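Taken in sequence, the protein lines are chains F and C. The numbering of the first sequence is my numbering, which starts it at 1 and goes up by one. The numbering of the second sequence is my numbering, which starts it at 1 and goes up by one.
No lab work stands behind these hints, which were simulated from the structure alone. Be a bit skeptical, because a hint or two may be false.
Stated by the list, open to error - Between beta-carbon pairs, the in silico distance windows are:
1. F/R149 with C/K25: 48 to 56 Å
2. C/A92 with F/R149: 54 to 62 Å
3. F/K39 with C/Q552: 42 to 50 Å
4. C/P111 with F/G211: 16 to 24 Å
5. C/E124 with F/G211: 34 to 42 Å
6. C/Q552 with F/R149: 37 to 45 Å
7. F/I153 with C/S405: 36 to 44 Å
8. C/K25 with F/K39: 21 to 29 Å
9. F/A145 with C/S162: 28 to 36 Å
10. F/P235 with C/L339: 32 to 40 Å
11. F/W42 with C/A278: 47 to 55 Å
12. F/H12 with C/P65: 29 to 37 Å
Stated by the list, open to error - SDA-like cross-link-like pairs, simulated, lysine to any residue; straight-line CA separation at most 25 Å:
13. F/K210 with C/G146
14. C/K338 with F/V146
15. C/K338 with F/R141
To be verified - Stretches of chain F that chain C covers, calculated by requiring three or more beta carbons in the stretch to come under 8 Å of a beta carbon on chain C:
16. 110–124
17. 228–237
Just so it is clear, the structure is predicted and the values come from calculations on it, not from any experiment. We put the CB at the ideal spot given by N, CA and C, even for glycine.
Below, each chain spelled out in residue letters.
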Amino acid sequence: MPETMPLAGQTHFVAPSSETPLQATGMVDTSAPPEGQWKEAWKVLRRNWMFWVSAVLLLIILVVVCFPGLFTSVDPRASSLSRSLEGPQAGHPFGFDKQGYDVYSRVVYGARASVVVGLLTTVIVTVIGLFSGAVAGFFGRWVDAVIARIADIFFAIPLLLAAIVGLSALNNVWPNRGYWGGVLAVVFALAAFGWPQVTRIARGAVLEIKGLEFVDASRAIGASKWRNLFSHIIPNSLAPVIVTATVSLGVYIVAEATLSFLGIGLPPSIVSWGNDIAAAQSQVRSGDNLHVLFAPAGALAVTVLSFMLLGDAVRDALDPKARK
Amino acid sequence: MTAVATERPLLQIRDLHIAFTSGKKDVPAVRGVDLTVYPGQTVAIVGESGSGKSTTAHAIIDLLPGTGHITGGSIEFDGVDLTSLSARKKRAYRGDRIGLVPQDPMSNLNPLYRVGTQIKEVLEVNDVARGKAADRRVVELLEEAGLGDAESRARQYPHEYSGGMRQRALIAAGLAARPQLLIADEPTSALDVTVQKQILDHLDGLTDELGVAVLLITHDLGLAAERADHLVVMYKGQVVESGPALQILQDPQHPYSQRLINSAPSLRSRRLMARERAEVRAEAAETALEHAEEVIGHGEGPESAGSPSSADAASADEFGGQVSAPVIRTTDLTKVFKLPGKGLAKRDFTAVDAVSFELARGTTTAIVGESGSGKSTVARMVLGLLEPTSGTVEFDGVDITTIRSRAQQLAFRRRVQPVFQNPYASLDPMYSIYRSIEEPLRLHGVGTGKERERKIRDLLDKVSLPAAVMSRYPNELSGGQRQRVAIARALALDPEVVVLDEAVSALDVLVQAQILKLLNDLQAELGLSYLFITHDLAVVRQIADQVLVMQQGRVVEQAGSLEVFDSPREEYTKRLLAAIPGRSVELAS
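One chain only, chain F, in its complex shape (with noise of 0.2 Å):
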């Protein structure tokens, strides 16, 4: 380096010490009360409009779904077959179906067929899926051949095709099985064939949280390879997770109301928004009284729609990366 006369705006420059205190590294900022992954989502959560419209309807929806006396007192078995097809009037603001049912009333007791459904298939799909989808990834080996080759088996069957042959196979060895039995048989054949693909994001997630070197840490200390699934993968990897799970308890939801229409779901007998619609395909075809249609597919398409808005949310909450 050569020995040069500084150049013009290149002289020796010190900034006053003042201008810049230097700041002690150890120094931690006790200002705001402390935040784990969980709470700094909620305070996300709690900004995003999307989630107070959905947490708003879907609170509405499991009134309905718990209470449905709450909103009516018209039985909604009750046929009057004189008033078949007549419009909304007083007390019966939605009119009546062909079969002369009150419209509004089976709009607010098939809620709950639809909701549990979704619901219930979900949670045991969640549960498999992220069950046999943490331990393929952590174990590996011949473990995860294993079980990613029977869940590809499953996920490449289409769940409505795979849902009807399973519903009507079971209607030979279960028929007559009440309301809760027949909710249950729609569970089972969606849950049996949903699984797989929370399996494979399960998976995914512990596949990348196993090589963090906190999982090590935790090794060396001599945590089990059981322990250390249970207290630092799992809980780590639940974030795709619940938001995938979210998403499709609308999914669900909509592959009841199909099965249901196709015939195949719940029973005629139970009061459900998919038989609802399937009874008014008649109307569809003639195109008149079609408030017999849109009540059960507007209360649908709402909660799924609640249920969709409220996955996005939280996908937005635990994953920023995924945000437009």
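Given the structure of chain F, go ahead and fit chain C onto it with the hints provided.
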């Protein structure tokens, strides 16, 4: 690197302010930076992460990330104020007159295109050459950047290149349009030291020959001192000191520059470090001997059976400390991985090849090597996280692969603990700091809840963290603080050996210096033995007694640390030493 004394500066930044928008607020990142670069000069901006050095550089070429925007000041390039130009006019400067060599060679080449195509793109976009002429030029450029057999290299894809080769290709791309200014943003921080030296030497020669001015962005003061004429030290978005490189190094005025120079491992006086080390050693050896006697005296656990008495092996080492019996001894340690070969056949890859070394109680053995040398694999085998293919790891005389029962395994775990490299991945983000440090205590059933809390407070105090961090989560702490927590967790079970796998490599120099000091203090106080894995020879001097130099799975040199630095025997060690940046810079003190 001769500064040509022309009247007009090539680049003149005046009172530059840059802010990032967060919500509705502007968060300032760069505050009032002044900077002047003359044609043909090399100017370095030095600072730690978050100092605003990269932001300043990116503002020049209008490549500010995200919500960043210039809020004040001017950037004059060759007499034209770039901040007043339209986006289209600014673009004309990029590549054509100002080239960029980006930081990460791994992600800055598009993996789907041939390397030649990507350099050709630079030529075509800037109207330098087209078609066949451009193809010929690409080969010349790659040759110029020091890639052999450039013609066939141009037709290869990025994944067929090593990290160093990719960086050469990026340099070729940066210089393709013959810019007057080249911005090199940490151009070699992702590379091994020996490769770093080659690349920087080449870049120096090339820019000298072409008369290109270089704005070098780096966190490495040694590197900046060696390569630049003029130095700009940045701290928290402001320039704290700037001036001739040599003058700042030998006589820093601002307290921050002083701190930085005192902490840079490559620049610290060797004598001083040896003296510090000797003090640590003397104290550590004493504590360790006491500890060893205690262990043997009480016959605690099956491990102590058959271990040689520590006293009879004692002799003085080069730091004047007592050398006691080895706590860890590896014999012909070998690890072979099966990799997919041609077709269905598997190929053997020997990651670690017959490595034998000893770690004496209360001392530090450093394993140094570049990426792929097998040093971390050795660490994992010593920790018992990976089974050796052959050879043994003896802990206190007992082969650890023979430990089978759960009780014995837990006993072994208590005595050997790791600290890993990445401060962002070494703590479970879902665990509070308290829970993280408590985990080992809980798992080993140590103490009652109250006793554990007292222990955790004590541990945090040992690593100089306030007790207030207990309720915090890792995402609320800085990298250095997390690494302290990781050390506290490793010490929770009162281990005898701590395996530090690149434990300070990801930290800024100031923080690195603090952690190294902490490790030295803890060694003296607790008589710990360290196995210190690193790629950075400069750091080794501050902490190691014994040094193992590894290359491609083999130990190429093994000696005392003073000996390795003063009279290295092997060619490879000499090369590693020569590659430490800033070694040639004479300091006044």
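Against the structure, the hints:
1. Separated by about 53 Å at the C-beta atoms, F/R149 and C/K25 satisfy the suggested range of 48 to 56 Å.
2. The supplied range of 54 to 62 Å is met by C/A92 and F/R149, whose beta-carbon atoms lie about 57 Å from each other.
3. Judged by the Cβ atoms, the range 42 to 50 Å given for F/K39 and C/Q552 holds: they are separated by roughly 48 Å.
4. At roughly 21 Å, the beta-carbon separation of C/P111 and F/G211 lies within the given 16 to 24 Å, and the hint holds.
5. Take C/E124 and F/G211: their Cβ atoms lie about 41 Å apart, and the range 34 to 42 Å holds.
6. Evaluation of the 37 to 45 Å hint for C/Q552 and F/R149 yields a pass: the beta carbon distance comes to about 38 Å.
7. For the hinted restraint 36 to 44 Å between F/I153 and C/S405, the CB-CB distance of approximately 41 Å keeps it satisfied.
8. Take C/K25 and F/K39: their Cβ atoms lie about 22 Å apart, and the range 21 to 29 Å holds.
9. A hinted range of 28 to 36 Å for the beta carbons of F/A145 and C/S162 is consistent with their spacing of about 33 Å.
10. A beta carbon spacing of about 33 Å between F/P235 and C/L339 agrees with the range 32 to 40 Å that was offered as a hint.
11. Distance hint check: the CB atoms of F/W42 and C/A278 are about 54 Å apart, consistent with the given range 47 to 55 Å.
12. For the pair F/H12 and C/P65, the beta carbons lie near 32 Å from each other, so the given range of 29 to 37 Å is met.
13. Simply put, F/K210 and C/G146 have alpha-carbon atoms about 40 Å apart, too far for the 25 Å limit, and the pair is violated.
14. Simply put, C/K338 and F/V146 have alpha-carbon atoms about 22 Å apart, close enough for the 25 Å limit, and the pair holds.
15. Between C/K338 and F/R141 the CA atoms are separated by roughly 14 Å; this keeps the pair inside 25 Å, and the hint holds.
16. Coverage of the stretch 110–124 of chain F by chain C is violated in this model, with 0 residues showing a Cβ closer than 8 Å to a Cβ of that chain against a need of three.
17. Look at the stretch 228–237 of chain F against chain C: 3 of its residues bring a Cβ nearer than 8 Å to a Cβ of that chain, three or more, so the hint holds.
Violated hints, in rising order: 13 and 16; the structure is consistent with all others.
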